[in-house]
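**Student:** Residues per chain, in single letters:
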Amino acid sequence: MFDRPVHILASFEWSFFWDLRGPFWDGFKYTIKAGLLGIVLAYVIGLVLGAVRAHRVPVLNQLAVTYVEIIRNTPILVQIFFLYYGLPVLGIHLEAFTVAWLSITIWGGAFMTENFRAGFEAVPARLREAGYALGFTPLKAFLNVTLPIGGRIALPSTINTAISVLKNTSLLLLIGYPELTYVANSIQSNTFRVFETFTALALCYLAIVWVLSALIRFLEGRLALPEAL
Amino acid sequence: MPLVPDWFRPVAEYMLREGLPETLRLAAIALVASTAVGLVLGTLMTVRFFPLRWLIRFYVEVWRGLPILVTVLFIYWLPAFDIGAFHVQLNAYQSAALALSLWGSAQVAEAARGAIESIPKEQHEAAAALGFGWIGRHRFVIIPQATRRLLPPMVGLLVNIIQNTTIAFAIGVNEFLQAGQRQFENITSGFAGPTAPSYAPFMIFGFVMLVFFVISFPLTRLSAYLERRLA
Numbered sequence: 001m002f003d004r005p006v007h008i009l010a011s012f013e014w015s016f017f018w019d020l021r022g023p024f025w026d027g028f029k030y031t032i033k034a035g036l037l038g039i040v041l042a043y044v045i046g047l048v049l050g051a052v053r054a055h056r057v058p059v060l061n062q063l064a065v066t067y068v069e070i071i072r073n074t075p076i077l078v079q080i081f082f083l084y085y086g087l088p089v090l091g092i093h094l095e096a097f098t099v100a101w102l103s104i105t106i107w108g109g110a111f112m113t114e115n116f117r118a119g120f121e122a123v124p125a126r127l128r129e130a131g132y133a134l135g136f137t138p139l140k141a142f143l144n145v146t147l148p149i150g151g152r153i154a155l156p157s158t159i160n161t162a163i164s165v166l167k168n169t170s171l172l173l174l175i176g177y178p179e180l181t182y183v184a185n186s187i188q189s190n191t192f193r194v195f196e197t198f199t200a201l202a203l204c205y206l207a208i209v210w211v212l213s214a215l216i217r218f219l220e221g222r223l224a225l226p227e228a229l
Numbered sequence: 001m002p003l004v005p006d007w008f009r010p011v012a013e014y015m016l017r018e019g020l021p022e023t024l025r026l027a028a029i030a031l032v033a034s035t036a037v038g039l040v041l042g043t044l045m046t047v048r049f050f051p052l053r054w055l056i057r058f059y060v061e062v063w064r065g066l067p068i069l070v071t072v073l074f075i076y077w078l079p080a081f082d083i084g085a086f087h088v089q090l091n092a093y094q095s096a097a098l099a100l101s102l103w104g105s106a107q108v109a110e111a112a113r114g115a116i117e118s119i120p121k122e123q124h125e126a127a128a129a130l131g132f133g134w135i136g137r138h139r140f141v142i143i144p145q146a147t148r149r150l151l152p153p154m155v156g157l158l159v160n161i162i163q164n165t166t167i168a169f170a171i172g173v174n175e176f177l178q179a180g181q182r183q184f185e186n187i188t189s190g191f192a193g194p195t196a197p198s199y200a201p202f203m204i205f206g207f208v209m210l211v212f213f214v215i216s217f218p219l220t221r222l223s224a225y226l227e228r229r230l231a
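Residue numbers (my numbering), protein chains in the order written: chain Y, 1 to 229; chain B, 1 to 231.
For the record, the hints were derived by calculation from the structure and aren't laboratory data.
Predicted, not measured: the structure shown is a model, and the values here were computed from it.
By construction, the Cβ of each residue, glycine as well, lies at the ideal position given by its N, Cα and C atoms.
Hints are not guaranteed to be accurate.
Reference excerpt, derived from the structure (chain B facing chain Y, CB under 8 Å, subset only) [stated by the list, open to error]:
id : residue
1  : Phe58
2  : Glu61
3  : Trp63
4  : Leu66
5  : Pro67
6  : Leu69
7  : Pro79
8  : Tyr199
9  : Phe202
10 : Phe205
11 : Phe213
12 : Ser216
13 : Phe217
14 : Thr220
Turn these sequences into a full structure, and let the hints guide you.
**Tutor:** Shown next, in the form of structure tokens:
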């Protein structure tokens with residue numbers, strides 16, 4: 001590190017932001033590639049296992065609980081390392097990109113499962129019973145009653161999880177996946193422009209996170225169930 | 001075959017002796033700092049003075065919005081600088097503690113604001129009628145009630161803090177995961193050459209997961225229990 005204090009703000013170079021656009025764009029694409037894949041697959045896992053949990057499907061429910069509790073009670077970074085360094089022992093060699101989307105999918109899926117379980121369980125039983133009275137099979141009742149209403153209740157909290165999944169892509173730096181934080185970190189160590197590089201990086205993340213948070217607040221107002229339900 | 005292989009015993013002992021205390025100490029520092037700062041900021045966010053509110057809101061949204069790893073790296077790599085007469089230069093451990101505290105205090109502030117605002121207006125009015133000023137009202141009436149509602153999310157936050165201490169790995173703090181990684185490197189590529197079977201990483205990182213699970217699981221159950229009890 002430096003011996004003498006440096007006055008950071010005095011030497012702040014705005015033009016450096018512009019120079020960062022190329023590498024940052026490359027990193028951003030990697031972030032989005034892993035992040036979007038992770039988010040979509042986590043939604044799929046969450047919908048299926050959330051339904052399993054809410055309907056107490058025997059055996060599958062216990063398996064889902066085990067999965068959720070293991071993932072929620074261990075750090076995601078350790079999960080990433082376990083996949084990256086631990087699995088090759090079993091003869092399963094995964095490249096960085098595979099570990100990237102797989103780890104955030106597994107992590108996000110556990111949280112999505114809980115989001116959707118809570119949403120589905122919040123649907124009043126009498127609505128489902130009304131469906132049965134109309135002759136719906138349990139699957140039909142789920143698809144036409146529980147899913148639309150419970151999904152609507154769960155949506156804001158699932159977007160919160162999606163934001164966390166996206167933020168967790170930054171941890172993939174540690175297995176050498178060249179996403180946004182990885183790019184910024186290597187630029188910083190080559191140019192010593194710490195303040196500019198990380199300010200730009202922070203602005204990128206905040207822009208994404210704040211837009212998605214605004215979306216949650218918008219949807220919360222729009223999707224709130226009418227009182228009479 | 002013994003339950004624990006010979007090569008694994010010193011590895012696990014090193015991790016538990018060197019790594020785990022570091023993890024717990026980091027978590028404790030972050031928890032105390034987050035709670036202290038977060039409670040004050042959360043309470044001030046309910047005050048009807050909008051510039052102050054917006055300022056705290058900005059603080060909360062920034063530190064909650066950034067991935068903790070980004071905050072950690074930012075603080076750690078920042079060159080030394082002066083604030084007035086203070087010469088600021090943080091080592092890895094301090095950087096990690098500060099980054100976790102900034103994030104944690106934002107979480108606590110948001111939770112505390114929610115808890116305080118959930119106390120009905122009548123409680124404020126009744127306390128005011130008894131002659132309490134703003135401070136007395138909060139100190140004796142509002143905050144004690146809000147604390148009950150705050151307890152479950154605080155236990156949940158503790159779990160998150162403990163798990164997020166692993167992010168300090170990135171700047172070389174010897175917390176539990178780092179201790180495991182060092183042992184892994186040591187036995188696979190140390191001076192003595194490979195001294196462990198090939199399944200060693202599986203077992204070491206599995207052990208890291210197990211220990212975190214053993215610490216976190218009772219706390220998550222406690223949080224869920226408190227939520228049911230105090231709701």
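**Student:** Now look at each hint and say whether the structure bears it out.
**Tutor:** Now for the hints, and whether the structure bears them out:
1. Phe58: violated (11 Å)
2. Glu61: Interface hint status for Glu61(B): holds (7 Å vs cutoff 8 Å).
3. Trp63: The hint is violated - Trp63(B) has no Cβ within 8 Å of chain Y, the shortest such distance being about 10 Å.
4. Leu66: holds (6 Å)
5. Pro67: With a closest approach of 4 Å, the Pro67(B) hint holds.
6. Leu69: holds (5 Å)
7. Pro79: Constraint on Pro79(B) satisfied, holds at 4 Å.
8. Tyr199: holds (5 Å)
9. Phe202: holds (4 Å)
10. Phe205: holds (4 Å)
11. Phe213: holds (5 Å)
12. Ser216: holds (4 Å)
13. Phe217: With Cβ-Cβ at 5 Å, under 8 Å, it holds.
14. Thr220: This interface hint holds because 6 Å falls under the 8 Å limit.
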